[in-house]
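Just need the whole structure built from these sequences, with the hints factored in.
The listed protein sequences derive, respectively, from chains G and Z.
Every number in the working numbering is 771 more than the matching position in the first sequence, counting from 1.
Every number in the working numbering is 14 more than the matching position in the second sequence, counting from 1.
One should not assume that every hint holds.
[Claimed, not checked] For lysine-lysine, the following DSS-like pairs were computed, each having C-alpha atoms within a straight-line distance of at most 25 Å:
1) Lys-84(Z) / Lys-1340(G)
2) Lys-1340(G) / Lys-136(Z)
3) Lys-1223(G) / Lys-1210(G)
4) Lys-1260(G) / Lys-32(Z)
5) Lys-115(Z) / Lys-1340(G)
6) Lys-84(Z) / Lys-136(Z)
7) Lys-115(Z) / Lys-91(Z)
8) Lys-112(Z) / Lys-1162(G)
It should be emphasised that the hints constitute simulated quantities derived from the structure, not laboratory data.
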Amino acid sequence: MKPALDWLDSRTGYRRLVHESLYENVPGGARWRYVWGSTLAFCFMIQVITGIFLWFAYSPSSQTAWESVYFIQYEMAGGWFLRGLHHYTAHAMTVLLVVHLMQVVIDGAYKAPREFNFWSGIILLQLVLALSLTGYLLPWDQKGFWATRVATNIVAITPFIGPELQKLIVGGTEYGHLTLTRFFALHAGVIPGAIIAFIVGHIYLFRKHGLTPKQPRRRPDAAFWPDQVLRDAVACLAILAVVLFFVFRYHGAELGAPADPSEQFSAARPEWYFLFLFELLKYFPGGTEVWGAIVIPGVLLLILAVMPFVGNWKLGHRFNVMYLWAMIAGAAVLTGLAIKADRNDPNYAIAVVSAQRDAERVVDLARSPAGIPPTGAVTLLRTDPFTQGPKIFARNCASCHRYDGHDGLGGKPKDEISAADLKGFASRDWISGLLDPAKVDTPHYFGGTKFKGGKMSEYVKEEVANFSAEDKALLQQTIIALSAEAGLKAQKELDERDAQVIDLGKKALIGERMGCMECHKFHDAGEETAPDLTGYGSREWLVAFITNPEHERFYGDRNDRMPAFGEDKSLTPQEIGLVADWIRGEWYVPKPQHP
Amino acid sequence: MDTSDASPPTDRREFIKKASAVVIGGTITLAPVAAGLFVFMDPLRRQSESGASVLVATLASLPEDGEPRKFSVLATKVDAWNRTPNVPVGAVYLQRLKGEKVRALNVVCPHAGCFVDFRPAKNHYFCPCHNSSFGPDGSILDPKSPSPRGLDELAVEIRNGAEIWVTFQNFRAGVHEKIPV
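This is how it looks when you write it as structure tokens:
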């Protein structure tokens, strides 16, 4: 063995290299407080390795970025773990950077002759933060998209070159493909390359000047290997354990709904370690934000950079340590304020819930048999009744109608209910309620409308109220038949089971005893003075109704206040279809997964 | 032998050699950098295509009481190599004013680009990102608001007595002036 190694050494000189790396002198012996630099190098190594493997599966474009990250997270075996490792190690790195900086400042390791070492460290700190900022956008989810919009708009206020700089980073004036290709090139190429260059310089300078021993030295000098290496390794193991805890706890990293530049995202917040900057911006009135976003952080960093000179003065070192603590305390207070403000803001809570709902929903849709179309996953949510229905309802219908007592999204509209509650519209229960003398004139049905006390309510309260047992049985059949016209998904099995009852009910509907045809129409029978009951509550019926309730087929000129949403073009045909599908409970439901 | 005359040419030759090495070395490095930077700067040479008039809604869809309503602006979205017709490119708040007039405000907060929200209970616009607030006419409500200017009003034209056409544009964030992007 030895001759072979001798040969190798004579050709490469590897022994000297190994010796230099492992037998670096540690003055005063190994200590735990020296591990931080190594933990950072370890984290960076994790990021490079996991990043390269993520790269194998990632596709930066506005139609494929979210989709490929979804595929990594939910479809590829172990993808969530790889992504989680990358994500939480990034968080760990930010924390470790601060700890490393504190250790360097407290131990006075920034002082002459180690100025360049310190400066290269400050540059590394900023490069790592730049990695976080660029990486945040790459999944192209709502959170990353909106946070990046804010961050790049802040870039635009940089004096002199701001707007041009923003255009170069964003790849134009709009956010899209080129924003992703640029951010990805920065995240996976330019910034890591710069970090490697600076780490090499940082370690070279560290070796050149040696370690700054913590005084008093407790033990005699020792070599880096094996005592310090062991301590470093144990520290790295501990970091990995913490990271793994979060990876398993949250099953990888979060993935929000795909970015939609036209969809409001009120839950936009930066990553927690940028919250202090986010909070700081709230305190700068219009036009002065350049102070909060650029000048003040710049000055704070500058003071950090001149620490080696300040440290030469008598009380300089004490000032430096206090300054660092003050910065950390300031950032902590601002972070706390930001979190507190969000906790006390009910609108933010609603926004977070709605963001989570969209995020879960889009995954269900992506996993549906139809899968993700080539136009991207954003189309899935835009064409999903379950997602869009409540929003359209809240915006256009909920000033009069309700859905299970709320505005569709769970909120409470400004005005009292003044038209029917449409939860379960056209279902057997809903129609039974309408035909219930005790309910027909409540706000749930006609109570808030001009139909209160009208012909229909008169019929229910006077005739139905006095029905015999036999009539009631007939009414029940009629209700079942009328509800079957809607073809509701939720009643599919019931309707199939009750086919015979439905046939009887249809006869009752046009029969004299029930008397419906005195006002309503059903296929060829009846009068057209009240809404047509042919296909009542079906998709076609509901879409036509929302499009124009004043049509002769429905209320004609007896229409109350309902706008003709389609005729007026205040809703597109697609929007009307979405809200109709949602009211009818017609949306994709994933099959329950069996364990 | 007198060599003093030979010395200057040698120095000169040395200098020319060194200078040539530096110039050549610099040039061959600059060539790929310049080629790359030139392409990298491409976005600076492009003009945006915004500013077209778009049919957004009809008068009938605006509440009589003047409460603003939000509408998507559908147009052709250009994303580098993709052109997608009839998709949302932004959104506006439309508000009915006296005399069949309509006010259109871009929903983008002029501070940092989030979408503002109209809060009917308080009758104002509110940005959920950094808490800027705006009056119903889009003007800054709280002088401490981080937004440097009020919401951006867009030109509106009523055609055929009922159609609301809006000249849709985005503007640079973070500055007092309203500069189209």
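Inset, instruction - Would you list, in rising numerical order, the hints stated earlier that this structure does not obey? - result: 2, 4, 7 and 8
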